[in-house]
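Protein chains: 2
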Amino acid sequence: MVTTSSVRALSDVRLPSGEQADILIEDGIVTAVGPGLAADRADVVHGARRLVLPGFVDGHMHLDKTLTGLPWMPHRAGPERASRIETERRMRAELPPVAPRAARLVADCVGHGTTAMRSHVDVDDAIGLSHVAALLAVREAAAAHVDLQLVAFPQSGVLNRPGVRSLLDAAIAAGCDLLGGIDPVAIDGDLDGQLDVLFAIAERRGVGLDIHLHDPGAAGMAEIAGVVERTRVHGMAGHVTVSHGFCLGAADDSDLERLAASMAEAGVALVTHGGGASPMPPVKRLRERGVTVFAGNDDIRDPWSPLGTGDMLERAMLIAWRGGYRTDADLAVALDVATTSGAQGLGLPRHGPRVGSRADLVLVDAETPAEAVARRPGRALVLKGGRVVARDGALTEPLVLA
Amino acid sequence: MVTTSSVRALSDVRLPSGEQADILIEDGIVTAVGPGLAADRADVVHGARRLVLPGFVDGHMHLDKTLTGLPWMPHRAGPERASRIETERRMRAELPPVAPRAARLVADCVGHGTTAMRSHVDVDDAIGLSHVAALLAVREAAAAHVDLQLVAFPQSGVLNRPGVRSLLDAAIAAGCDLLGGIDPVAIDGDLDGQLDVLFAIAERRGVGLDIHLHDPGAAGMAEIAGVVERTRVHGMAGHVTVSHGFCLGAADDSDLERLAASMAEAGVALVTHGGGASPMPPVKRLRERGVTVFAGNDDIRDPWSPLGTGDMLERAMLIAWRGGYRTDADLAVALDVATTSGAQGLGLPRHGPRVGSRADLVLVDAETPAEAVARRPGRALVLKGGRVVARDGALTEPLVLA
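Line order of the protein sequences matches chains Y and E.
Sequential numbering of the first sequence, starting at 1, is according to the numbering used here.
Sequential numbering of the second sequence, starting at 403, is according to the numbering used here.
One should not assume that every hint holds.
Below, simulated SDA-like cross-link-like pairs (lysine to any residue); rule was C-alpha separation at most 25 Å, straight line [what the hints assert, rightly or not]:
{"hint": "1", "chain 1": "E", "residue 1": "Lys686", "chain 2": "E", "residue 2": "Arg752"}
{"hint": "2", "chain 1": "E", "residue 1": "Lys686", "chain 2": "Y", "residue 2": "Glu80"}
{"hint": "3", "chain 1": "Y", "residue 1": "Lys284", "chain 2": "E", "residue 2": "His616"}
{"hint": "4", "chain 1": "Y", "residue 1": "Lys284", "chain 2": "E", "residue 2": "Ala652"}
{"hint": "5", "chain 1": "Y", "residue 1": "Lys284", "chain 2": "E", "residue 2": "Pro618"}
{"hint": "6", "chain 1": "E", "residue 1": "Lys686", "chain 2": "Y", "residue 2": "Pro216"}
{"hint": "7", "chain 1": "Y", "residue 1": "Lys284", "chain 2": "E", "residue 2": "Arg483"}
{"hint": "8", "chain 1": "Y", "residue 1": "Lys284", "chain 2": "Y", "residue 2": "Ala219"}
{"hint": "9", "chain 1": "E", "residue 1": "Lys686", "chain 2": "Y", "residue 2": "Pro74"}
{"hint": "10", "chain 1": "E", "residue 1": "Lys686", "chain 2": "E", "residue 2": "Asp657"}
{"hint": "11", "chain 1": "E", "residue 1": "Lys686", "chain 2": "Y", "residue 2": "Arg81"}
{"hint": "12", "chain 1": "E", "residue 1": "Lys686", "chain 2": "E", "residue 2": "Gly749"}
{"hint": "13", "chain 1": "Y", "residue 1": "Lys284", "chain 2": "E", "residue 2": "Ser485"}
{"hint": "14", "chain 1": "E", "residue 1": "Lys686", "chain 2": "E", "residue 2": "Ala621"}
{"hint": "15", "chain 1": "Y", "residue 1": "Lys284", "chain 2": "E", "residue 2": "Pro681"}
{"hint": "16", "chain 1": "E", "residue 1": "Lys686", "chain 2": "E", "residue 2": "Ala624"}
{"hint": "17", "chain 1": "E", "residue 1": "Lys686", "chain 2": "Y", "residue 2": "Arg76"}
{"hint": "18", "chain 1": "E", "residue 1": "Lys686", "chain 2": "Y", "residue 2": "Asp299"}
{"hint": "19", "chain 1": "Y", "residue 1": "Lys284", "chain 2": "E", "residue 2": "Thr489"}
{"hint": "20", "chain 1": "E", "residue 1": "Lys686", "chain 2": "Y", "residue 2": "Ala82"}
{"hint": "21", "chain 1": "E", "residue 1": "Lys686", "chain 2": "Y", "residue 2": "Ala77"}
{"hint": "22", "chain 1": "Y", "residue 1": "Lys284", "chain 2": "E", "residue 2": "Trp474"}
{"hint": "23", "chain 1": "Y", "residue 1": "Lys284", "chain 2": "Y", "residue 2": "Thr340"}
{"hint": "24", "chain 1": "Y", "residue 1": "Lys284", "chain 2": "E", "residue 2": "Met475"}
{"hint": "25", "chain 1": "Y", "residue 1": "Lys284", "chain 2": "E", "residue 2": "Ala484"}
{"hint": "26", "chain 1": "Y", "residue 1": "Lys284", "chain 2": "E", "residue 2": "Gly651"}
{"hint": "27", "chain 1": "E", "residue 1": "Lys686", "chain 2": "E", "residue 2": "Gly619"}
{"hint": "28", "chain 1": "E", "residue 1": "Lys686", "chain 2": "E", "residue 2": "His641"}
{"hint": "29", "chain 1": "Y", "residue 1": "Lys284", "chain 2": "E", "residue 2": "Ser680"}
{"hint": "30", "chain 1": "E", "residue 1": "Lys686", "chain 2": "Y", "residue 2": "Thr87"}
{"hint": "31", "chain 1": "E", "residue 1": "Lys686", "chain 2": "Y", "residue 2": "Trp72"}
{"hint": "32", "chain 1": "Y", "residue 1": "Lys284", "chain 2": "Y", "residue 2": "Asp328"}
{"hint": "33", "chain 1": "Y", "residue 1": "Lys284", "chain 2": "E", "residue 2": "Arg486"}
{"hint": "34", "chain 1": "E", "residue 1": "Lys686", "chain 2": "Y", "residue 2": "Ser83"}
Just so you know, these hints were derived from the structure itself, not from any lab.
A quick note: this is a predicted structure, and the numbers were derived from the prediction, not measured.
Work the whole structure out from these sequences, hints included.
The following block contains the structure:
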């Protein structure tokens, strides 16, 4: 642990409400927020009237896939999901080891203000648990910098690949935090079959689920309904996430209302990257119906997409742009899904500049949270549990893989 | 003129094709491209193996509206276009003068590598030609930095506002380069009426047209058909642009093919910002059908939207993200609409790193154009007609308003 960078007080910051204040921190928790508190304290970091935001939560990543930092590699896959899966499987042998690539991206994200993240990690019949082992090592190396949840992710399918079912179980035993899944209809051709397997493992192991659902239209809606029903039956409210759920972005009013109500009632959350070329689920409406919605960067320069950065403020902007958000209240929604709702979706303790919250904080040069989303200023300071982990985009202490 | 910053040669740059080369420049024109050419030349700028791109062309701006650089102002308008028009009219009196605001944004854009731009400028019954006068002054002040085309833009409508018709005519007489228009159906309630007035002025004054068409569905398609028909009748191929054309992003196949073919045949171009919350016109398909498609940032923090920056590489990324572009060839399309096709759409001389082209060039740290779009590195150097106008994002000589 790097005790020298622990902070007891942040002085002269601007709160999201606009007020100037000092923030006192003890044992990584915010203990007081108000004017003049830091005047006679040691270990004070001067905020220079910068805006303080809750640490960013990247709720959907693929750390083991990233090509960030490597020489440019043109995208090779065709436009279909199946082509991307097969192309990625072929490419893996050419790539340098997973752990250093992933660690580099984690460092980049922390520099951008991310203090918690959830990464899927591929588990399949070709690589077994090797990516899991690599990301477990990254999680350990980055433990003081960021909360990292790992989702054992059957990218190539569950039922259609021999041995994946037991590999997923073994991935949880090895230390993954959640169980993943993918498009039971399109990939496995068996909606109930894949979901039954996943929920059975999750219940036996006592872990949550985060399931990729890209399928459009009726298939996607049936998949969401299947996830919702099993979440209710297994009593897993608050522990199940639908990733993407593009079908919600194209659903008609009655389907949307029905699905949103059932997700809210069952405690099934949604994570979105904003849709891109696919329809973006209606973030504001889902929130209004009681669904926990949070945001993630998803692909960050990997075999699935050459686009993407580790910056969750940019992701908030993309969601705002795609959603037509303009008012400060709407831009606050875009920031909330990248911060506070992200922590809720990941089941983490409350964080941010409020008494009793964990001191995961980001300082930026902006007047308001809305301006931060619109302009995306550099990250002057990143605190993780009261420790300074990054300044001006760079880590204060490097990540060291064992 | 700032002769000290004229460049005779750029050495050791990486061409978009990937080859290392030197670039020789005389009188603002590229005269030779190849290895070893700059070895014994004076006035050499060392490219340090950076990638050289054509200068960026921002094909749709509203310089007179920007709030960039001002204290944060929350968005005030409601979600309807009419509310935005009325809110903006009320806000104008509170804002500082147009020319310094606009000049600041121009400087920011040039720092980001934009070497040519087309800005609409509001003309209406409340402000008359005052914004036109301000932007004419900015055009003069920025003449050595950027090509700036001005479109006399009836933001509040043409037929429904007394005197706007003659104000538009006067704006052209005062020096605007093109005539604008806006949603004849939704704003004026008279498709033929507005278009007839606009084409009559344009023909009499010998200028082109660039008409905002946001209207969705049948109204939008009828407006495009009306623009196409008049472009043909008036023999204005290559001088007419449809801005936005959101209806093309939601048209069914047969409507799209019909409209695309008619636009290509009549020589009507399309400029897009990528759609955001509206459907993005199918950029690749329109290009394949022979339509000139180019890109613009549109709102850059103004009363219409708090989002937007002056960075056309970011705009290229947004178009790629919205279009699902992943391959190097597709990312090259996203860059092309922000550079070469932009110059074509604006009717400008060919520019970029090719013999005979104007030396409007941008150097960035990237291996390939695709990587430049995906990662958007800083702009190390911006050349306008062979002169260094910006380094590392900052102008080498400030813009000075008379």
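Inset, instruction - Could you grab the alpha-carbon distance between Lys284 (chain Y) and Ser485 (chain E) and see if it respects the 25 Å cut-off? - result: 21 Å, holds
Legend entry - Pairwise hint evaluation, Ala219 (chain Y) against Lys284 (chain Y), where the allowed Cα distance is 25 Å at most: 24 Å, holds
Legend entry - Restraint status (C-alpha distance of Lys284 (chain Y) to Met475 (chain E) at most 25 Å): The given pair, whose Cα atoms are some 22 Å apart, holds under the 25 Å limit.
Legend entry - Satisfaction of hint between Pro681 (chain E) and Lys284 (chain Y), Cα-Cα up to 25 Å: 19 Å, holds
Inset, instruction - Below or equal to 25 Å on CA atoms is what counts here, so check Lys284 (chain Y) against Ala652 (chain E). - result: Holds. Lys284 (chain Y) to Ala652 (chain E) sits at ~23 Å (cutoff 25 Å).
Inset, instruction - Would you mind confirming whether the straight-line C-alpha gap from Lys284 (chain Y) to Ala484 (chain E) stays at or under 25 Å? - result: 23 Å, holds
Legend entry - Restraint status (C-alpha distance of Lys686 (chain E) to Ala77 (chain Y) at most 25 Å): 18 Å, holds
Inset, instruction - Please work out if Lys284 (chain Y) and Arg483 (chain E) have their alpha carbons no farther apart than 25 Å. - result: Measuring from Cα to Cα gives roughly 21 Å; hence the hint holds.
Inset, instruction - Given the hint that Lys284 (chain Y) pairs with Arg486 (chain E), test it: the Cα-Cα distance must not exceed 25 Å. - result: Roughly 21 Å between the alpha carbons, so the hint for Lys284 (chain Y) and Arg486 (chain E) holds.
Legend entry - Pair hint outcome, Lys686 (chain E) versus His641 (chain E) [Cα-Cα no greater than 25 Å]: 21 Å, holds
Legend entry - 25 Å limit on alpha-carbon distance, applied to hinted pair Lys284 (chain Y) and Pro618 (chain E): With a Cα-Cα distance of about 23 Å, the restraint between Lys284 (chain Y) and Pro618 (chain E) holds, given a limit of 25 Å.
Legend entry - Pairwise hint evaluation, Thr340 (chain Y) against Lys284 (chain Y), where the allowed Cα distance is 25 Å at most: 15 Å, holds
When the structure is compared with the earlier hints, no violation turns up for any of them.
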